[in-house]
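2 protein chains.
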Amino acid sequence: MVKFLHTADWHIGRKLQGKDLLEDQQYVMNNLIRKIDETKPDFLIIAGDLYDRSVPSKEATTLLQELLVKINIEYNIPIFAISGNHDSRERLAIGEAWFSKHKFYLHTRLNQAFDKITIEDTDIYLLPYFEPFEAREYFEDATLTTHNSATKRVIDEIYKNIDMSRINILVAHTFVSGGLETDSEREISVGTIENVAVEIFEKFDYVALGHLHNPNSIKEERIKYSGSPMAYSFSEATQTKGMRLVELTKEIYTEEFISLEQKRKLHNISARYEEVFTKEFQQNFDCKKDYFSMELSGLEGVTDPLPRIKEYYPNTLILKQKRNNNSDIEMKLDKEMLTKSPLELIEGFYSEQTGSELTVGQKQVLVNIIDKVNQDETN
Amino acid sequence: MVKFLHTADWHIGRKLQGKDLLEDQQYVMNNLIRKIDETKPDFLIIAGDLYDRSVPSKEATTLLQELLVKINIEYNIPIFAISGNHDSRERLAIGEAWFSKHKFYLHTRLNQAFDKITIEDTDIYLLPYFEPFEAREYFEDATLTTHNSATKRVIDEIYKNIDMSRINILVAHTFVSGGLETDSEREISVGTIENVAVEIFEKFDYVALGHLHNPNSIKEERIKYSGSPMAYSFSEATQTKGMRLVELTKEIYTEEFISLEQKRKLHNISARYEEVFTKEFQQNFDCKKDYFSMELSGLEGVTDPLPRIKEYYPNTLILKQKRNNNSDIEMKLDKEMLTKSPLELIEGFYSEQTGSELTVGQKQVLVNIIDKVNQDETN
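Protein chains in written order, with full-length UniProt numbering: chain U, 1 to 379; chain Y, 1 to 379.
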């Protein structure tokens, strides 16, 4: 029997619409650490995206260190972790040679997926996020062009040496099909949606996934996303946030979702402008504290609505005007997205939001960024 | 008896006039590691500036990790290290809680200087680079306004608990007076030259210093700079580069300077333009390989000398025109430096080097940088 906690997508250093979330992260991660102490698992799994950016800020670096020191050194709980697509594998791997001497196992390179780690009656495989080209190089197989084929090849290689008499756990950071995307993850897959078929994981007793922030992204038993410990976009506002406590033998699987208390809630508001200033409306929220995304009608003739809104809802991070023929516009946008270039889409979005056009300098900055993104994709 | 190696100022990720030195660093650090293996010291001291920048590149990060893993984990040699003024203490400290469990001690904060580390009959104090304001805050003493007064206060605090029956070693990254500066370090102290008096260290059996790149910067016995393992500016071209092997009891002190073989030499050339193309001249150098700073006369009427020079000396990193009344100009410059503002000095240098003036945009960039530097100094 093995008992462990499964978490992922901490994204330490994340911002929400430009708002630094470090204080919220500190709060929710303290709760996560308290739950670890209460449940006393045999180990903790972190399935990628520990940081939000490849070069995290000093503050983010310090917070992640404090969390890992607390769990692994103070509580003496083994950690099994992988790098996600948001992590810089080189920067995350700093110290890894010393971590593993204290049962903090962190894999950041594809070839490490084949080095299973053994803890009592359990074998754990740590597959970090990787791009198909890495599998092409590793296996010298030019046919591995998709995430599905590349991941299948990696898993087949693991299966060659798997001992089916033992409890086998896979940790991976990938987009397993059946998943429901949110805004936080969408950017990754636009243009090249890359699903991995759930069937390839059938020989594992548990697959601890990271990447999608909704814990209920797939409905399989024993193949689970933990989701992120907190909401990282307004499209995640209504999702339950927490981690999974799993108890496992070769025969029996029990699982419990442990919710984590949040410092602030996120709310998507769709209302008339005047309505949001009524006591009746405000009693539904912790107005001074929570994060708000507002889509308001009745803004005609209101020159600068934001100051008044912020007086009541200081953490209003998005303010959009609600059109009467809203659904028509959205329908049109979906079709446009298929035919317009990224630059055209951004230009349209900017003028819709601000009422003015991009300057020549702003356009040039965008062209440079888009070029760089395209270059990075082909590397 | 204790036997240790003293090195400092690795500056991993350094560039020389824009030229990436990582390949040279890899070469010289491999030699350093071979010397560690040959001499089998009880421990290694690294007296600060492990990285060259607060946010090192991925490649620099990877190289430093490989070096430290080799020394501490593969060879199982304890490391005593501190952060220097070039290191980000937060980023360098990543993993420190795990390092110390494997006898790799890395101090990055002032308060850690008072936690001595004991290894057999030796006590080691690790004092990272710090600014006077940190001592003012730590001791709640507003009079600590200079590096000298702040460092003296820290050392006096250490002396309160020092056990003089044991071998006492201090590791520090600071500018001890008597030091000879080079271009690599000068930037630190322009405007506020901050020396620390050598006398305050008298109770230690050995003081392992970092900061100045010339190993012979001070002539004291038992208070030594190791210097950098390689030349990081052309003003360091003629310095011996290596590290110190020290054997120590309470009574006996023996010391050997271990030179490190360099991949490329640096040369300061002062010659006539036509002269550098003669076989006679070229036989003095490894022309295709070494780094050159050239100050040439006889350039009158030569429109674009660099391509022809680079044909013979591809790693020419500086090319200056030698004036006939050279010494007069230098004399004048020294006086000017005392009266002109940083912006004026840069403007003068730019026009002297390029023959044209700074644009308004370029000036604004400089003003912003100078403002930022001044702000940082006061923080």
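Heads up, a few of these hints could be off.
As the list claims (entries may be wrong) - Dumping the calculated DSSO-like pairs for lysine-lysine here, alpha-carbon to alpha-carbon at most 27 Å:
| id | chain 1 | residue 1 | chain 2 | residue 2 |
| --- | --- | --- | --- | --- |
| 1 | Y | Lys-250 | Y | Lys-152 |
| 2 | Y | Lys-250 | Y | Lys-19 |
| 3 | U | Lys-103 | Y | Lys-320 |
| 4 | U | Lys-320 | U | Lys-19 |
| 5 | U | Lys-70 | Y | Lys-116 |
| 6 | Y | Lys-101 | U | Lys-70 |
| 7 | Y | Lys-320 | Y | Lys-3 |
| 8 | Y | Lys-70 | U | Lys-116 |
| 9 | U | Lys-19 | U | Lys-116 |
| 10 | Y | Lys-372 | U | Lys-15 |
| 11 | Y | Lys-289 | U | Lys-70 |
| 12 | Y | Lys-152 | U | Lys-15 |
| 13 | U | Lys-116 | U | Lys-3 |
Unchecked claim - Computed footprint of chain Y on chain U; a stretch qualifies when at least three of its residues, placed anywhere within it, have a C-beta under 8 Å from a C-beta of chain Y:
| id | stretch |
| --- | --- |
| 14 | 82-93 |
| 15 | 282-290 |
Just so you know, these hints were derived from the structure itself, not from any lab.
For each residue, glycine too, the CB sits at the ideal point set by N, CA and C.
Consistency of the hints with the structure:
no.: 1; hint: Y:Lys-250 / Y:Lys-152; verdict: holds, 23 Å
no.: 2; hint: Y:Lys-250 / Y:Lys-19; verdict: violated, 45 Å
no.: 3; hint: U:Lys-103 / Y:Lys-320; verdict: violated, 57 Å
no.: 4; hint: U:Lys-320 / U:Lys-19; verdict: holds, 17 Å
no.: 5; hint: U:Lys-70 / Y:Lys-116; verdict: holds, 24 Å
no.: 6; hint: Y:Lys-101 / U:Lys-70; verdict: holds, 15 Å
no.: 7; hint: Y:Lys-320 / Y:Lys-3; verdict: violated, 46 Å
no.: 8; hint: Y:Lys-70 / U:Lys-116; verdict: holds, 23 Å
no.: 9; hint: U:Lys-19 / U:Lys-116; verdict: violated, 40 Å
no.: 10; hint: Y:Lys-372 / U:Lys-15; verdict: holds, 25 Å
no.: 11; hint: Y:Lys-289 / U:Lys-70; verdict: violated, 50 Å
no.: 12; hint: Y:Lys-152 / U:Lys-15; verdict: violated, 43 Å
no.: 13; hint: U:Lys-116 / U:Lys-3; verdict: holds, 18 Å
no.: 14; hint: 82-93; verdict: holds (count 4)
no.: 15; hint: 282-290; verdict: violated (count 0)
Hint compliance for this structure: hints 2, 3, 7, 9, 11, 12, 15 are not met, and every other hint is.
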